[in-house]
Structures are given as structure tokens and as C-alpha cells.
Amino acid sequence: MNAKMTDKLATAVFVSMAAIIVTVLAGLLGYIVFHGFPKLTFDFLTSPPSSFQAGGGVGPQLFNSFYILFLTMLFTVPLGLGGGIYMAEYAKPGRVTEFIRSCIEVLASLPSIVIGMFGLLAFVNLTGWGYTIIGGAFALTVFNLPVMVRVCEDAIRSVPKEQKEASLALGITHIETIRTVLLPASFPAILTGAILASGRVFGEAAALLYTAGLTTPRLDWGTWNPFSESSPLNIFRPAETLAVHIWKVNTQGLIPDIREVADGASAVLVLSVLLFNLIARIAGSYIYKKMTAQK
Amino acid sequence: MEWIEREQAAKDRLVINKKSSSVKKERRGKAVILGTALLIILATIAITLFLVSKGLQSFVVNGVSPIEFISSTEWSPSNEKFGALPFIFGSFAVTVLSALIAAPLGIGAAIFMTEIAPSWGQRILQPVVELLVGIPSVVYGFIGLTVVVPFIRENVGGQGFGLLAGTVVLSIMILPTITSISTDAMRSLPGGLRESSYAVGATRWQTIYRVLVPAASPVLLTAVVLGMARAFGEALAVQMVIGNSRDIASSLVESTGTLTTIITLNIGHTTFGSLDNNVLWSLGLILLIMSYVFIIIIRYLSSRRKI
Chain A
1 MNAKMTDKLA TAVFVSMAAI IVTVLAGLLG YIVFHGFPKL TFDFLTSPPS
51 SFQAGGGVGP QLFNSFYILF LTMLFTVPLG LGGGIYMAEY AKPGRVTEFI
101 RSCIEVLASL PSIVIGMFGL LAFVNLTGWG YTIIGGAFAL TVFNLPVMVR
151 VCEDAIRSVP KEQKEASLAL GITHIETIRT VLLPASFPAI LTGAILASGR
201 VFGEAAALLY TAGLTTPRLD WGTWNPFSES SPLNIFRPAE TLAVHIWKVN
251 TQGLIPDIRE VADGASAVLV LSVLLFNLIA RIAGSYIYKK MTAQK
Chain B
1 MEWIEREQAA KDRLVINKKS SSVKKERRGK AVILGTALLI ILATIAITLF
51 LVSKGLQSFV VNGVSPIEFI SSTEWSPSNE KFGALPFIFG SFAVTVLSAL
101 IAAPLGIGAA IFMTEIAPSW GQRILQPVVE LLVGIPSVVY GFIGLTVVVP
151 FIRENVGGQG FGLLAGTVVL SIMILPTITS ISTDAMRSLP GGLRESSYAV
201 GATRWQTIYR VLVPAASPVL LTAVVLGMAR AFGEALAVQM VIGNSRDIAS
251 SLVESTGTLT TIITLNIGHT TFGSLDNNVL WSLGLILLIM SYVFIIIIRY
301 LSSRRKI
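Which chain is which? The protein sequence lines are A and B, in order. Okay, so the first sequence: first residue is 1 according to full-length UniProt numbering, each after it adds one. Okay, so the second sequence: first residue is 1 according to full-length UniProt numbering, each after it adds one.
The hints are simulated quantities; they were obtained by calculation from the structure and are not laboratory data. Hints are not guaranteed to be accurate.
[Stated by the list, open to error] Cross-link-like lysine-lysine pairs, in silico, DSSO-like; alpha carbons within 30 Å at most:
hint : chain 1 : residue 1 : chain 2 : residue 2
1    : B       : Lys30     : A       : Lys164
2    : A       : Lys8      : B       : Lys24
3    : A       : Lys164    : A       : Lys92
4    : B       : Lys81     : A       : Lys161
5    : A       : Lys92     : B       : Lys24
6    : A       : Lys8      : B       : Lys30
7    : A       : Lys161    : B       : Lys30
8    : A       : Lys164    : A       : Lys290
9    : A       : Lys92     : B       : Lys25
10   : A       : Lys248    : A       : Lys161
11   : A       : Lys164    : B       : Lys81
12   : A       : Lys161    : A       : Lys290
13   : A       : Lys289    : A       : Lys164
14   : A       : Lys248    : B       : Lys30
15   : A       : Lys92     : A       : Lys4
16   : A       : Lys92     : B       : Lys30
Please read all numbers here as calculations on a predicted model, not as lab measurements.
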């Protein structure tokens, strides 16, 4: 076989590899949407699950997922921003910076089940809270923090140096420069990164199994006092999220319509993640255009 | 009156004035930012210390033999026999097998995006890879359970649950990790490398095989190791398709387990502090140690980066 034939053959192999990947994704998405979409009725999305009979929904789970996501982002965004600013602006090359970078690397590479185990130890047993929403949100904060730090650091670093220097040359202090020049300029990138990270948090289950728990108490949608036992907003109640629910019905479910519930819940998860991706792209480029007066 | 105000404002902004509010603000801001950086260190140290001390308890307090723990194949908590080898073997087996499938596919796709169809290929594959990253692991597990497992049962044999199903699910899960890092690696190669190879008459395949892939090899290996780290630590997707028996896998289609699956299944059902529970934390310690090992390998590879 001569060189040209080999080259053509190799090209064909590479093209088919790319085709396999595209087919896998198309198959996955098609399968989930095709099976799950018909189940997405208003009733399914709002009614509570049933433990033995068919026809339960995922209302509380959907609420829990968003609530835990909200709390997690409430903790991670400021922390990630602080860490990112430190790494981009204050860290001097040396041992300490190297050590922090290693720590971020370790945190990022820990399996989520290990973070869940740490959460079980620290936020469930040590605090004596039991399975709680806040424990789950703390575990997910640990899970999400390295991602947010990297997003913020990269975003701040990518602001043109001249902008920062111009501000410093005007006699504006470093922290004011960060606040008034660097942060606004890096805002679109940070927002995009935060929304993409939200997608990851929304679908995470392993870190939540033994921190936020596998059950949801009966919720009273009329009580919005966060300290009431049955209030959906109570952060000291156990809460099963949508991703955890998919796992639970498939491994220990007793309901006859496991397949339907899992189909519907998977579709909600995947469509939400798609939506997060879409919003991240649109919001990022829209704000960027708005801020840079680009047409 | 106006000029006085303006002068005061200018004075405030002078950095030399130590008592000025802007200096205080600067210090306060810096303290907050330093605090968050310290929190990252604190979190990492806390996780490591907590899990190491908890993971050693079964050896130190309960007297389980560490050698037996990692070399025996008999896991039966009711008889106080704790041989974790089946799970350790299962974890390594699915990790290596899924890397064997995902590495060629991922690197191939990266080469397709950078060398063969840089314009339209990338416009299609880039979003595909990003979406694959975004699909939650339980959804991969669920698809594995409803599509892959029945397919294996009908076409390959056995119950369908086992290493093969785990491998298929994991290789799809780690594919985007390997693809995106490999793409970056191929793209960051200096263009002169490519052009000089074409200039001496090499075909595209020869250029890829003899010049580009060797030049990018440390980063390509890093991509594969990162993918393996992800596969090793994945819990729920594997748990749903692997069958969860306690025996060492004798064939690809026989039910078995991994470190993550046995932890996921049992840590909630055993009493905290009991022997049955402590050994699970020891399994968690192995996971922690392995994620440090993966980091060390990646560090070593990046120090060998040629270009």
C-alpha cells in the first residue's frame, strides 16, 4: 500500500470517528427527548411523587434542585470571585501560590462521591444536622468552587493589560481598579462560566446522596416561613433532587411506572442543561456586545 | 464652595495619605480576597485530613489487616471478612477498558477537528463535545440501564450487567474530556511543524503520525489520564449498570462491583462508626489516594511537555 492510499484510509478513519461521536450525541439526545418529552405534562412537573402507585410526579424534586442550585451559587460565586481575583491579581509567583494552585487542582479532581463522603462527615454527622439542604449546598460548594475560581481567574486575566494600567495610572487604588475596571470588563465571561457551572451542579447526584438525602418531607406550599418544618424554603430539611430521584427510582424504586418517571425526569434534566448552555451563550455575547458598543 | 469639595476629593484619592478611606478600603478588600484563597487551602486540607483519619479507623481501631484488605477477594461483612480486591480490580478494569475505547476516539476526533476539517468539522464537533460534557452522569447511567444493558443481554450474553456495560457508559462519559484537551493540544502546536512536514512531501497521515502526535504526546497522555481519573471516580452511572455483586469479574458480562459502587450502595445503610461502615471509609481512602496519584502522573507529564 503506498503513502497516498494510507493517507486516504487514515482520513476515512478520522472522519468516521468524528461521525461516531456526533451519532452518539444525536442518539442520546434523541432517545431522551423522544421518550421523555411526552411525559412532561404540567401535572408531572408539579405533583409530588408517589411511593407505591403509578402516576407520581417530580414537583418537590424539581423545586429542591433549583433551591440547592440557588444556594450553591450564592456561596460559590463570591468565593470563586475572591479566589479568582487573588490568583489573577494578588498572587505572587512562589511557594504559596503554587500550593493554592495545587489545592485547586486536588479539589477539582476529587471524585464527587468523595466530596459527598466528606459532606457526610462534616456537614451531616459533625454538625449533627442530619441530611439537610444546607449540607447538600455546602458539599456542592466544595464541588463547584475550583471551577468557579478558574473561570473568574481566566476572565480577569483576559482583560487587556492597558485598561488596568490606565486606571492605576490615574491614581485609583488596586481594589478600586478591580471593582470598577476589571470586574465589569470580565463580567460576560464570568457570567457565562457561572451559568455553565450551574448546569454541572444541577445534574450532580453523587455528592448529594448522603448530604441532602434521599427523601423529601411532605411540603406545604402555603408556608413560606423558612423556619417552619414543612416549608419548602426550610434549609434544615432533607431534600431529594431531580438527579438523585432518577437514581433512586432506578435502583430502589417500588413504583410500577419507574420507566415513565425516569424518562420524564431525565428529559427535564437534559433539557435544563441544554437551556443553561443556550442561555450562557446568548447572555454572554449579548452583554459583551452591549458593553463594548459592538454592533 | 465647589473647589473645596473637589480638592478634598483629590486628597482622598492620594495613596500616600495612610488614614484615607481608600487605603482602608484597599486593605479590607485585600483581606477578604486573601480570606477566600485561604478557604480553598482549608477545604483541601480538611477533606484530606478527615478522610484519611476516618479511612484509617478500620485498620487502627477495628484491627482489619491492611494486607488482607487489599489482597483478599472475600467480602462478606456478616463474617467480618473484608477483602476489597474485587472492587479494586473492578475499578481499575472499567477505567482501563474505557480509556482504551475513549482515547483513540477522542484523539481521533481532535485530529479531525484540527487537521482534517478545521472549519466545518469544528463548528459541528465543538458544540457536540460541550453538550456531552453537560449531560448529567445519572442520565448516562439511566441510558446505560435502558439501552446498553438490554443490548448486551440480547447480543453478547449474560445478564447484561457487568464490566462491558460499565465500560461502554464510562467511555462515552470521558470522551468529551479527552477530546477537548486533545483538541487544545493539537491546536497549540506551532504551525511551522505542520508546514515543514508538508513541505518535505509528507502526506497528511505521515505528518499526523510522525510529527504532530509525537510532538503533542505529553498533553495527549494528560488528556487520557484526566479521562481515567474521571472514570475511576464515577459512582452512580457505573453503579446502575455494573450489577453490584461482590465477586471478582471473571468475564466482561458478569456482574461485579467497583470501589465507588459498594460505597454508594452501603454507606447509607450501615451504622456510622460500626466496623461495616468504617471499611467503606477505607475504600473511600483508596479513592482519595488514587486521585492524588492521578495528579502526580499529570504533573510528571506536564513537566515533560516538549513544546
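- [ ] Could you tell me which of the numbered hints above are not met by this structure, giving the numbers in increasing order?
- [x] Numbers 2, 4, 6, 10, 11, 14, 15 - these are the hints that the structure violates, sorted from lowest upward.
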